[in-house]
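Sequence lines, in order, name chains L and E. Numbering-wise (my numbering), the first sequence opens with residue 1 and increments by one. Numbering-wise (my numbering), the second sequence opens with residue 1 and increments by one.
I should point out that these hints are in silico values taken from the structure, not numbers from a laboratory. Each hint should be verified, as a subset may be incorrect.
[Unchecked claim] Keeping only pairs whose Cα atoms sit at most 30 angstroms apart, straight-line, the calculated BS3-like set for lysine-lysine is:
1) 68/L to 154/E
2) 181/E to 125/L
3) 143/E to 146/L
4) 125/L to 160/E
5) 143/E to 160/E
6) 181/E to 242/E
7) 86/L to 203/L
8) 104/E to 147/L
9) 166/E to 68/L
[Claimed, not checked] Quick look at which bits of chain L chain E covers, simulated, 3 or more residues with Cβ under 8 angstroms:
10) 84-95
11) 111-123
Treat the numbers as computed from the prediction; the structure is a model and nothing was measured. Ideal Cβ positions, reconstructed from N, Cα and C, are used throughout, including at glycine.
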Amino acid sequence: MRSLRASEEMMTNRFPKQVDRSTLIQLNGVTKKFGSFEALKPIDLSIREGEFVSVVGPSGCGKSTLLKLVAGLAPISDGELLLAGKKISGPQTDVGIVFQSSVLLAWRNIIDNILLQAEMRNMNKAEARSRAEALIAMAGLQGFEKKYPWQLSGGMQQRASICRALLHDPQVLLMDEPFGALDAMTREKMNVELQRIWLESRKTVLLITHSIPEAVYLSDRVVVMSERPGSIAAIYDIDLPRPRDLSVMASTQFASYTKTIRQHFYAQGSLDDH
Amino acid sequence: MRSINSPIVRPVLLVLFLVLVWDLAIRLFDIPAYLIPAPIDVAVQMYAQWPMLLAETIPTLQATIGGFLLSVVIGVPLAMLIAYSRTIESYVYPLLVFSQSIPKVAIAPLFVVWFGFGLFPKVIVAFLLGFFPIVVSTVLGFKSLESDMIDLAKSMGSTKLKMFYKISLPNALPAIFASMKVSITLAVVGAVVGEFVGSNSGIGYVLQRANGNFDLPLMFSALIILSLMGVLLFVIIDIAEKLMLPWHISNRLATAGAH
Ligand SMILES: Nc1ncnc2c1ncn2[C@@H]1O[C@H](COP(=O)(O)OP(=O)(O)OP(=O)(O)O)[C@@H](O)[C@H]1O
Ligand SMILES: [Mg+2]
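So here's chain E without its partners, still in its complex pose (with noise of 0.2 angstroms):
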């Protein structure tokens, strides 16, 4: 009963009935193989392309690593810029707000054919997707501080640095740590994009060439290995938070539970 609890056998557990219920649902309305291929299929294609597969991940993680980071190490200075000047605010926002609106795929083939088909237009798309959301999320962390909070400091007489790192950073960081989970997962979907419009490697000109040869099961496994990286990514995010910020109100059953 205990290891059905655990948190990584229940989503494993919905996988496998989820599966099934694709095997069975295939079967039952004998849905033809060139619309959805069986598991099976699937799963043997994956297998026999495996080390194409695995080489061509690299690639679409390069990007979604470098785009994230980008997101990150541009977005929470400019947040912090953006929370602490009405003015920067009142100047950026509207414009960050607007930039978001513009459809990142329409703009992907520009990025093409201003920096090649290399990794750097596919790092520009996965930041433009996944900085958004640091940005807000980031600026709301940096502004929820008290004001009793505030003059306390004050009244001890805080320097602007001190109350900086000693308050403001670390109360900020439970929301740039989701704002983070946030964007990694828009990352990939960023890296991908990239991918589709301009490029000779990765998981996303593979699905772009399955799908070209209707390469179903091809077509399939790219998306399966797409979803690993994700969550992967999400859950070495996750992680980090839990260990960065075991006081926070979302970790706090997991801590009381590990005693």
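Excised from the complex, chain L in its bound form (with noise of 0.2 angstroms):
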């Protein structure tokens, strides 16, 4: 009786407010359309500054592409993206992205390739690589500093390329996939530290995934996608107090918030368990 109550509670909250004073990013009915196919159908999404919001969906609903268009790296076919008010034309710089796989260049070793962040943006020396030091040590690859990416597994990779995200400590940060290679057991150990780094700077978060115990571990509201050609589903409050122990996974709570973002892809089957 109570996880029905819980999710008549969610669905409630599904359409949040329109103009909130502190919102972030902003899409009005915004799609996307690659030629004459539709990639995404209109969005109505806001993101309030030091929020942390999961995207869930099937695959090929257009998340990757949702998450492009807030970097500013694809140009929307129509409506309107507003990043703190403005519109959004052309690569956005103060994000960090985080792709599914960890692209580090093969000839740079972990910090030179963290480093990279603060050439391209001629960051001071000195204080990036104090600042890219403190990360690695956050992201335990101390001692691996001068080892290149393939001598590094592919969760360490993975770090690594988040410690380059965080760098330059950006408002936003956009992440696709980050811990989709990872086994269960690392990606519980990062999803902890994602949420440690978050409650510490309160970064404005999107973050794209196929686990559903993850988008409810980690986020403040959790979008569920459809189908192609991509919208939104529904919109779920995850109303779990912070900061959340890996042992809320078992509450009942979770279970019926999982349960009903689950139920929206019976027909589907197409997300991963956790």
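Starting from the two chains in their separate frames, assemble the complex, guided by the hints.
Quick look at the structure:
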């Protein structure tokens, strides 16, 4: 009974208030077409400053496309896309991006890969280096600074790419299935770590994931997208106290969230279990 | 056992074995010396003619290196233009492929008519043979950048120039080196072809003269020198590659072993 009530409450939260004083990213009827192919139906979504928002949806529904639009890496076809009240045109630079693959440069060792961010932005060298070292320590990569990407495991490479995305202390963190290639245990550790980073820095995070538990565990809100052409099927507020311990995953409240979200995909069955 | 496994010893062993087979085959099947000379005859002739052979190696080497350098200097920038501009690609690429189907041997005499008997026509032929693989492979190298990497660089606010020399160029280097190895061996062929059609110096000229005199041991000597030259130039590029690209997948085993 309780879970039913919980999901009813969540449904009332499906459409958040359109105008919010601290709204950072605002999508009003944003669409995306590749030629005549409609990848995204009109999307309305607003993300508040410091909010952690996850997007789940079946493969090919346009999640990566949505992230690229927000990053300014692809132009929108219609609608309005605002970042801090300004229209996004062209690549955004006050963002950190993490892709599904770590895209590290093979000829640079780990610390130099992280410092690429600093070189591209002409940051102060000494400051950038000490910040990189701090991030490396945070990510548990000490001792691997001088190693090349191929000498690291997939999980370590991904941690390095997260360090690179954080080096310039961006306002917005955009992540496209960053933990998709990791085993379940490493993934949970990374989730805990990511939550800690977010709690400390209160960045605005847009996380795309195939894992419903991951989305629920980390997010303030979970956006559920529907099959092609992509559109928003529902948005759920996740009302779990922070900081969240991994044991929260065993709670009935957590289970009711994942169950409700999973129901969107019964027909497709295309999402991973954690 | 260790010495047998060294990368230099193995090919030498194979060559010794082949020389042995060569010698045995001549004895076994009674092959006359005017068809295939015995290894010892070749060795004797090579020793006798050594100063001349060495002197004639120099112009061939010059033509080869000249043609090769020209291939790199023209091929790599051309490949960059092709990789970055669809328009240039659509104009130039078909023409390049077409130019490759013209037999170089057939047009080599033309260069002699135009440029005389000196070094230049040989360099041109060596260049014509050497530069196509460089263009093809370098274009591929510049185009094989992950789109996520490009997006990432854009989000870092990278300028086009920084993107080029920090990301695109290093990314293309392995392909460039691979093509240089093909190019240098083809440049040797080109230099010799150039010497065949119009020259009074070089190993190609020695080869032609020996052919006319039915001096098979000298011919074989010249061939051996050409092969050695090709191998030597190849090895030099290979070493340069290993020094410059220790990170590349093809060089990783070597660095791991050196630890
Ligand atoms: N550059 C492009 N040109 C043409 N079509 C594209 C392009 N990028 C994406 N698409 C199409 O848009 C749709 C959405 O792609 P997208 O990569 O956003 O999906 P996704 O939700 O991220 O999928 P996955 O979960 O598998 O990563 C797909 O049908 C894809 O074929
Ligand atoms: Mg995707």
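Going through the hints against the structure:
1. 68/L to 154/E: It holds: about 12 angstroms lies between the C-alpha atoms, which stays within 30 angstroms.
2. 181/E to 125/L: Measuring from Cα to Cα gives roughly 38 angstroms; hence the hint is violated.
3. 143/E to 146/L: The given pair, whose Cα atoms are some 28 angstroms apart, holds under the 30 angstroms limit.
4. 125/L to 160/E: Holds, at about 21 angstroms.
5. 143/E to 160/E: Given that 30 angstroms is the threshold and the Cα spacing comes to 15 angstroms, the pair holds.
6. 181/E to 242/E: The given pair, whose Cα atoms are some 13 angstroms apart, holds under the 30 angstroms limit.
7. 86/L to 203/L: holds (19 angstroms)
8. 104/E to 147/L: With Cα atoms ~48 angstroms apart, residue 104/E and residue 147/L exceed 30 angstroms; violated.
9. 166/E to 68/L: holds (23 angstroms)
10. 84-95: holds (count 4)
11. 111-123: Held - the stretch 111-123 of chain L has 5 residues with a Cβ nearer than 8 angstroms to chain E, which meets the minimum of three.
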